[in-house]
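Asker: So the chains spell out like this:
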Amino acid sequence: MTVFLTRKCEFSASHHYHNPAFTAEENRRVFGKCNNPNGHGHNYTLEVTVKGEVDATTGFVVDLKELKEIMNREVVDAMDHRYLNHEVPEFQSQIPTTENIAIAIWKRLEGKLHVAKLHRVRLYEMHNLWVDFYGEA
Amino acid sequence: MKAHLTRRYWFAASHRLHSEKLTEEENRAVYGKCNNPFGHGHNYALEVTVSGQVAEATGMICNLTDIDRVVEDEVLERFDHQNLNCIPEFREIVPTTENLCITIFNILKRRLDSTHLEKVRLEETSQNSFEVIGE
Chain L
1 MTVFLTRKCE
11 FSASHHYHNP
21 AFTAEENRRV
31 FGKCNNPNGH
41 GHNYTLEVTV
51 KGEVDATTGF
61 VVDLKELKEI
71 MNREVVDAMD
81 HRYLNHEVPE
91 FQSQIPTTEN
101 IAIAIWKRLE
111 GKLHVAKLHR
121 VRLYEMHNLW
131 VDFYGEA
Chain S
1 MKAHLTRRYW
11 FAASHRLHSE
21 KLTEEENRAV
31 YGKCNNPFGH
41 GHNYALEVTV
51 SGQVAEATGM
61 ICNLTDIDRV
71 VEDEVLERFD
81 HQNLNCIPEF
91 REIVPTTENL
101 CITIFNILKR
111 RLDSTHLEKV
121 RLEETSQNSF
131 EVIGE
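These protein sequences, in sequence, are chains L and S.
Counting from 1, one number per residue, gives the positions in the first sequence under this note's numbering.
Counting from 1, one number per residue, gives the positions in the second sequence under this note's numbering.
For reference, chain L alone in the conformation it holds in the complex (with noise of 0.2 Å):
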C-alpha cells in the first residue's frame, strides 16, 4: 500500500525579479514591486512529499533522518540567507519566481531518494502564496 509522506523546513531569503531581454519599463509593468533591483525576502516554507510502500521491517516508507539531511543540504544549505539571484547558481540564468525555485527544488530533490519516490514539492512564498510542483513536463 502507498503511503505519503511529508516533511518541512523553513529558508529565508532574499531575491527580484528581472528579465534583461525586457525594457526597463516592461520589467516594472510585468514584475512591479518585485522588480526592485535591490531586492527583497521572504521565510520559505518547503514541504516535501514523498511516496513509497511502507517497508515490512522498519515501517518507514523513507527514513526521515536522512530525508532532513538531503533537504538540509541540497536547500537550506545551499538557499537560507542567501539572495537567490547571486548566489544560487540555478538564478544565474532563471528567474527565481516561486515557481522556478519549486523546480529548482525538486531537480536537486530528485534522485537523491534511494527508497522513496518524490511526489510533490510545495513552496510557500507566503502563508497565501504557495506552488505545488509534481515534477510534470
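Just so you know, nobody snuck in bad clues.
Taking lysine-lysine pairs in the BS3-like style, the calculated list, with each CA pair at most 27 Å apart, reads:
{"#": "1", "chain 1": "S", "residue 1": "119", "chain 2": "L", "residue 2": "107"}
{"#": "2", "chain 1": "L", "residue 1": "112", "chain 2": "S", "residue 2": "2"}
{"#": "3", "chain 1": "L", "residue 1": "8", "chain 2": "S", "residue 2": "119"}
{"#": "4", "chain 1": "L", "residue 1": "33", "chain 2": "S", "residue 2": "2"}
{"#": "5", "chain 1": "S", "residue 1": "119", "chain 2": "L", "residue 2": "117"}
{"#": "6", "chain 1": "S", "residue 1": "2", "chain 2": "L", "residue 2": "117"}
{"#": "7", "chain 1": "L", "residue 1": "8", "chain 2": "S", "residue 2": "2"}
{"#": "8", "chain 1": "S", "residue 1": "2", "chain 2": "L", "residue 2": "107"}
Each pair of labels, with its calculated beta carbon distance range:
{"#": "9", "chain 1": "S", "residue 1": "87", "chain 2": "L", "residue 2": "29", "range": "32 to 38 Å"}
{"#": "10", "chain 1": "S", "residue 1": "91", "chain 2": "L", "residue 2": "112", "range": "51 to 57 Å"}
{"#": "11", "chain 1": "L", "residue 1": "43", "chain 2": "S", "residue 2": "36", "range": "38 to 44 Å"}
{"#": "12", "chain 1": "S", "residue 1": "2", "chain 2": "L", "residue 2": "43", "range": "23 to 29 Å"}
{"#": "13", "chain 1": "S", "residue 1": "19", "chain 2": "L", "residue 2": "55", "range": "47 to 53 Å"}
{"#": "14", "chain 1": "L", "residue 1": "9", "chain 2": "S", "residue 2": "65", "range": "27 to 33 Å"}
{"#": "15", "chain 1": "L", "residue 1": "115", "chain 2": "S", "residue 2": "88", "range": "53 to 59 Å"}
{"#": "16", "chain 1": "S", "residue 1": "110", "chain 2": "L", "residue 2": "107", "range": "32 to 38 Å"}
{"#": "17", "chain 1": "S", "residue 1": "87", "chain 2": "L", "residue 2": "115", "range": "50 to 56 Å"}
{"#": "18", "chain 1": "L", "residue 1": "76", "chain 2": "S", "residue 2": "83", "range": "44 to 50 Å"}
{"#": "19", "chain 1": "S", "residue 1": "10", "chain 2": "L", "residue 2": "7", "range": "25 to 31 Å"}
Computed far set for chain S versus chain L, every beta-carbon distance over 12 Å:
{"#": "20", "residue": "29"}
{"#": "21", "residue": "30"}
{"#": "22", "residue": "31"}
{"#": "23", "residue": "34"}
{"#": "24", "residue": "37"}
{"#": "25", "residue": "38"}
{"#": "26", "residue": "41"}
{"#": "27", "residue": "81"}
{"#": "28", "residue": "90"}
{"#": "29", "residue": "92"}
{"#": "30", "residue": "97"}
{"#": "31", "residue": "114"}
{"#": "32", "residue": "131"}
{"#": "33", "residue": "135"}
Because the hints were derived from the structure by calculation, they are not lab data.
Source: prediction; values computed, not measured.
Here a beta-carbon is modelled for each residue, glycine too, at the ideal position from N, C-alpha and C.
Use these hints to put chain S onto chain L, whose structure you have.
Answerer: Structure of chain S alone, referenced to chain L:
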C-alpha cells in the same frame, strides 16, 4: 514545465440555509442551527489554484496581479460583508458552502480565460472545507 499556483483570500458573509422545497419542520431537521431565520456568519477562506506552463521570459504561470484583480472584482467585491441569501446568485439555490464553492468556481472559470483554473477550495470554518476541481 507545468506547475500549480495557489493564492489564499478571505471574506466574511452571512447566510441562512433554508430550502423552499422543504417544510418548516424538514428545514429545521435538515439544517439545524443553520436554519435560524436571522442567519449567521462565517469568515470564509478561499483558495484559488491555477496551473500551466512556467513561461521562460517571466518564470511565472501567470501574473499574480491578474488573478488578484479578478478575485477582488468578481468574488470579494460580490460576497464580502454581504448576506448571501440576498445576492442574485442565491435567489434560487441554498447558499451552502458547496453551492458557494461551485458558484465561485464558475465565476472564475468565465473570467480567467488565459489561465487554467485547476481548483477552488473554500473553508467555511477551520473544520469544514469544500473543493471543486476543474475538468
